[in-house]
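A.B. asks: Sequences and hints are given; from them, build the entire structure.
For the protein sequence lines, the chains are H, Z and W, in the order given.
Here the first sequence is numbered in our numbering, starting from 612 and rising by one per residue.
Here the second sequence is numbered in our numbering, starting from 612 and rising by one per residue.
Here the third sequence is numbered in our numbering, starting from 612 and rising by one per residue.
Simulated from the structure, these hints should not be mistaken for laboratory data.
Mixed in with the good hints, there may be bad ones.
One copy or two, either will do: identical chains are not told apart, so a pair holds if it fits within one copy or between any two.
[Unchecked claim] Calculated pairs, DSBU-like style, for lysine-lysine (alpha carbon to alpha carbon, straight line, at most 30 Å):
#	residue 1	residue 2
1	Lys802	Lys663
2	Lys765	Lys791
3	Lys684	Lys624
Please read these numbers as outputs of a predicted model, since none were measured by experiment.
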Amino acid sequence: MITREEIEEVVSKYDKSRITISTICSHSALQIFHGARELAFKTLGITTPDRKFVYEAFPLAKPDLFIEVRKFKDVLTREVQEKLIEENCVIIPHGSFVEYVGAVDIVNKLYVPMFGNRMVLLWESDRSKQREWFREAGLKTPREFKNPSEADCKVFVKYPGAKGGAGYFTADSIEELEEKIRSAIRRGLIKSLEEVSIQEFIPGVRYYFHFFYSLMLNGGFRVGEGGRLELLSMDKRIEPIDEAYRGLPNVPTEFFDYTVTGNQPLILRESLLKDCLDMGARVVLASQRLFPPGIIGPFCLETIYHPSRGFTVFEVSARIVAGTNLYPQSSPYTPYIFNEPMSTGKRIALELKKAMESGRLEEVLY
Amino acid sequence: MITREEIEEVVSKYDKSRITISTICSHSALQIFHGARELAFKTLGITTPDRKFVYEAFPLAKPDLFIEVRKFKDVLTREVQEKLIEENCVIIPHGSFVEYVGAVDIVNKLYVPMFGNRMVLLWESDRSKQREWFREAGLKTPREFKNPSEADCKVFVKYPGAKGGAGYFTADSIEELEEKIRSAIRRGLIKSLEEVSIQEFIPGVRYYFHFFYSLMLNGGFRVGEGGRLELLSMDKRIEPIDEAYRGLPNVPTEFFDYTVTGNQPLILRESLLKDCLDMGARVVLASQRLFPPGIIGPFCLETIYHPSRGFTVFEVSARIVAGTNLYPQSSPYTPYIFNEPMSTGKRIALELKKAMESGRLEEVLY
Amino acid sequence: MITREEIEEVVSKYDKSRITISTICSHSALQIFHGARELAFKTLGITTPDRKFVYEAFPLAKPDLFIEVRKFKDVLTREVQEKLIEENCVIIPHGSFVEYVGAVDIVNKLYVPMFGNRMVLLWESDRSKQREWFREAGLKTPREFKNPSEADCKVFVKYPGAKGGAGYFTADSIEELEEKIRSAIRRGLIKSLEEVSIQEFIPGVRYYFHFFYSLMLNGGFRVGEGGRLELLSMDKRIEPIDEAYRGLPNVPTEFFDYTVTGNQPLILRESLLKDCLDMGARVVLASQRLFPPGIIGPFCLETIYHPSRGFTVFEVSARIVAGTNLYPQSSPYTPYIFNEPMSTGKRIALELKKAMESGRLEEVLY
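C.D. replies: Dropping the structure here:
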């Protein structure tokens, strides 16, 4: 495991006046580059050849430099890492970055400084660690069933890793559940029963809350060790199941697909912001106890709300989520916090800038 | 009933150069405080202790002063009222304000000046008065059935007061309707059959239109006595039923819940704006005939549109609605009316400012 | 057919310093007028008497001049055309313009210069030409069935022309399909079987992509002959079927209605932008081969995305679409392209302004 000291060593050799914000060209990279440019950071995009034109198609979100790789995992090669370090790069991890490079390899093999605390990726990507985190935070989560035969209610079944929801399914009975698991094994989606996560199906409305835990800005909602918690925005994900009603009365089975294809904006009833902020604070505090200094920067709580149950949290994303792409300038909440246009991408750049200005850059990198 | 003259008497003693905009901390208070601050008004939030941190978490929407109360109804106590009057407060009523304090008590016991015409709250909160208002306006509303046995179609059943949709239900037959009403009585949701409102179920798309009737600005769509009608924005409410398709084919009964949990943005087909504005104008004109000077400031028409039926109006909210929280800076319609960022909260502050500048403050308060 | 030379002759007599942007008052006219005003163009609205007040209700989107007509088709009368030419008008075609005036009559009888290449309207309004265009572009489209008896899957049935989806339906079997076609003929929706378009029902998520093909701006995504392709925004249409789940379990048949009533904002998963931009580029390139100089200005690809099928394109709108009305100032994509607020309406005005400044106005008119 690469230590914080090793990363600090790398940072110590950086030209602090020429920090470059970098990530791989996918997920929320347009927003990240755009936000960095707004605050006059240099930007560098790691891209595969077939995607480069996308980032050229949006001139104000186009990185200043490109590194072309055959596959994203090549970011771990010595050649690419040296180039990134040479350019004083700080990597902003996002969902595709973690998916393609892998949390374990990031922690063990990536010597380039990253924004935030990379330890969080280990806690996010391992379902049992994530459950421990939620338990420590005292959050309500769906009941989990180890064995299909224990499933005494409608269930929702997921697979490990961030495959974006592909192959997830519901089952209304133990028989249906067992048959669908056998089918998933036959189709090679999973290797064995042990890999599936069988959860109680929670009825209600999905809210994905986009938080930012800041060490650099004062005022606002103080949480934990010297930081403040901001609620920047929220979204709802769009999956094929979300158009299932269009196939009524005989809904084609292809609609029962939970792959995330995009996002829609929404707001939460104001009286529920209390619970929302409280959940965010609990997650931060638990992270500070479980893996100090805990989570830093953007994270997302993925919840289902029902009036009779309150919020059930089913996942945490411990980095910028794609739903923030809805708000490249402002969300229904950012005008209440910032006097200027603010996206999560720009918020990251702002945190870096404030850290640099106060000589505290090392605090927000690892 | 507190008379307009009594309120004018209170206002006459106000320091007009130091008007404070005030409301209780819920519903749309962030937007109201933010809008007031944008126009340099002082702000005061009446809050319960557990909610205060929410308003501190959004520094640019945080009121300058807080009054902490044990429960919101305490706004009626002599102590709180005196403090509000001492601070030259104008109260902005919103949904939670009306729900917690009560329309009748507002009219009879609240001596603090309110923005708009408080008479409107009596017409809004009483279903039979609301129906009279719609009839006077010539609007199409759902058919209502006094007795379950008369229900000759799919019906939608609501309860009195603004409980945000909790416990509402549909029924496809008289038997189902009667059984569900008995169940609601058993569960204590209502005391007797007399309390339910049984309406024809209207298929179609929900549109909630956010209007503002202004006495202070010129130009635009002139309606009634010296005012203009603005369409500021629109929304769709999000209720658990809105995710029911995710439970297909065996939808859990908990999805059949109509409690409002949040809001989504949308726009209306431009050719239908004619009908939308026409409905808004009819509601204003009818209000001027029924309770002069009629409605002033923000109001919302809650409609269902179907191509074969046109618009059916099922409710009016005669004050700012929470759906406007989607648009703290601009909506898809405000850029066509204002050269600056404009929310409904800021619009209220602008109306007050214009009224003060022209010495007509009394016209927009009661 | 009115030739390009004839239109150039009209333009040659225009006072280039006083170009007026004009369209009929419907569809996206508020946005078009507002965008034109932002760039200091004069504006002229062709309206029926009953709609005029709508455009007066939005002062910053109100045209400088109105021409009142009894019906929109009267734009073809000599009197109206002469007035439009006298005012140096450039017409911006939109969906209602094409629907009311008719593509064939526009091409044969309208001597007023239009923004873009009017030939495109012939390719858009004729289903067989549109299929040829998609084939030339190499896009995936739904399978079509000439005869109901060939329908071997769930199907979606549409009618010719832009009636906004009225009367469209799905069928799960050949028997249901045949019965519903007979019913449509009985109800006068169509005259014969030949008029219906029977398509494979495609499950997935609808995305309507708003493109702009520019001849005047440099940089960005270069496509074809001297132009660049911009992705300005996207939307999802709202039809009664979109609330069908609210009628569960016994969904009233009125919900099975596909008339467009409005639009909702959304964004696409960033990794899919590659496919989205690629489809847009293919449509532009095919148009340049099929009807040079091809498409110019705004157009929309109407797609359904499913993870297992990718994008299926079911329609192209070769002019501004109403979904762009969601974004009168900026979309989740425009900040990545423009340093100022930008709508599709303003984008059209910007293209005209740039063309005027560089003496290339004729290139973007026909």
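A.B. asks: None of the hints should be skipped; say for each whether it holds.
C.D. replies: Checked hints:
| no. | hint | in the structure |
| --- | --- | --- |
| 1 | Lys802 with Lys663 | neither (35 Å within a copy, 50 Å between copies) |
| 2 | Lys765 with Lys791 | both (13 Å within a copy, 24 Å between copies) |
| 3 | Lys684 with Lys624 | within (25 Å within a copy, 61 Å between copies) |
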